[in-house]
Amino acid sequence: MNAAVIVFPGINRERDMARTLRLVSGREPAMVWHAEAALPRGTDLVVIPGGFSYGDYLRCGAIAARSPVMDAVRAHAAAGALVLGVCNGFQILCEAGLLPGVLMRNAALKFICRDVYVRVERSDTPFTRGYNAGQVIRVPTAHGEGNYVADAAMVARLEGEGRVLFRYTAPDGACDPQWNVNGATNAIAGIVSERGNVLGLMPHPENHVEAALGCTDGRGLFAGLVDHFAAAEPDGR
Amino acid sequence: MKARVTVTLKSGILDPQGKAIEGALKSLGVAGVLSVRQGKVFDIELAGADPARAEAVLNAAAEKLLANMVIENYRIEMGG
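For the protein sequence lines, the chains are L and W, in the order given.
Position in the first sequence (from 1) plus 162 gives the number in the numbering used here.
Position in the second sequence (from 1) plus 27 gives the number in the numbering used here.
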């Protein structure tokens, strides 16, 4: 799996993401500066990591979404190839129009920096094949604007089409407002695009892949992607 | 040529920051405030003097960047 990690000014999670991609895929990802016009040839997975791109000026991810490299990311997505956005990356994908809706200020206004429980809603996607459907995983979050909002019609579409891949729940998987950390509509933590090839999620699975850090629940997302690409090209892992 | 673009949240969009400001005003003893919603103001200076052209530029600026059209409205005031 050849991964390209996009770096905007103010992004700060690119090295955690690169480390995880390296550990899980066995391959060093390409680090792509936002001013680049093209992605490296043969890029399988584009990753937009977390941080505070452009200082969250104007709106989170608003300026990064209009950066030169995003044309290449858009083309990659239009061709049906995979894009993963984490936290600020999710915000950037929404601002870029690659995912619907918007991430607004956490309902309780506090920046949340702690582990959360999310339920993996389905396992039949490249992003979630490393998990069981309904499995609850513990992953870190660190965000002030993770409150997913979309109009009622779009939310109905997302739910109806099975495009909500991750949802904030209690540790046993039950939907409970108390466990919806940021007040997101329907406790939505992560969604995919219409074609299922672009995923955005607020939590940071890349920070839970090593036993030494106490939890490896995030590993399944990346391991599943590696398997997805290995299945597509058995000799080209 | 000067213009001002004001960006506000669409009605129905939750505004927790506005609510926090409301609460703070109440705590400060500023009575009679029923609600607060927070928006943004952009003061823009444009090249040229053609108002129609200026308005087109400002609409583009607002729709492409200054406002997130999913959740925000904008209005333009020329001059000032």
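Because the hints were derived from the structure by calculation, they are not lab data.
The reader is advised that the hints may include incorrect statements.
Unchecked claim - Listed below are the simulated DSSO-like cross-link pairs for lysine-lysine, each with C-alpha atoms no more than 27 Å apart in a straight line:
hint: 1; chain 1: L; residue 1: K272; chain 2: W; residue 2: K29
hint: 2; chain 1: W; residue 1: K67; chain 2: W; residue 2: K46
hint: 3; chain 1: W; residue 1: K37; chain 2: W; residue 2: K53
hint: 4; chain 1: W; residue 1: K46; chain 2: W; residue 2: K29
hint: 5; chain 1: W; residue 1: K37; chain 2: L; residue 2: K272
hint: 6; chain 1: W; residue 1: K91; chain 2: W; residue 2: K29
hint: 7; chain 1: W; residue 1: K53; chain 2: L; residue 2: K272
hint: 8; chain 1: W; residue 1: K53; chain 2: W; residue 2: K91
hint: 9; chain 1: W; residue 1: K29; chain 2: W; residue 2: K67
hint: 10; chain 1: W; residue 1: K91; chain 2: W; residue 2: K37
hint: 11; chain 1: L; residue 1: K272; chain 2: W; residue 2: K46
hint: 12; chain 1: W; residue 1: K29; chain 2: W; residue 2: K53
All values derive from a computational prediction rather than experimental measurement.
Hint check results:
Proximity of K272/L to K29/W is assessed by CA-CA distance (about 37 Å); at most 27 Å being required, the pair is judged violated. Only pairs whose Cα atoms come within 27 Å are accepted, and K67/W paired with K46/W is accepted, the gap being roughly 16 Å. In summary, the hint linking K37/W to K53/W is supported, as the alpha carbons are separated by about 24 Å, within the 27 Å threshold. The straight-line distance between the Cα atoms of K46/W and K29/W is roughly 32 Å, outside the 27 Å bound, and the hint therefore fails.
The suggested pairing of K37/W with K272/L holds, with an alpha-carbon distance near 23 Å, which does not exceed 27 Å. For the given pair, K91/W sits about 19 Å from K29/W by alpha-carbon distance, which is consistent with the 27 Å threshold. This hinted pair checks out: K53/W and K272/L have alpha carbons roughly 20 Å apart, not beyond 27 Å. Restraint check for K53/W and K91/W: the C-alpha separation of about 37 Å exceeds 27 Å, so the hint is violated.
The straight-line distance between the Cα atoms of K29/W and K67/W is roughly 17 Å, inside the 27 Å bound, and the hint therefore holds. For the hint pairing K91/W with K37/W, the CA-to-CA distance comes to about 17 Å; that is within 27 Å, so the pair holds. With a CA separation close to 14 Å, the supplied pair K272/L and K46/W stays within the 27 Å bound. Taking the CA atoms of K29/W and K53/W, the gap is near 36 Å; set against the 27 Å cutoff, the hint is violated.
Hints 1, 4, 8, 12 from the earlier list are contradicted by this structure; the remaining hints agree with it.
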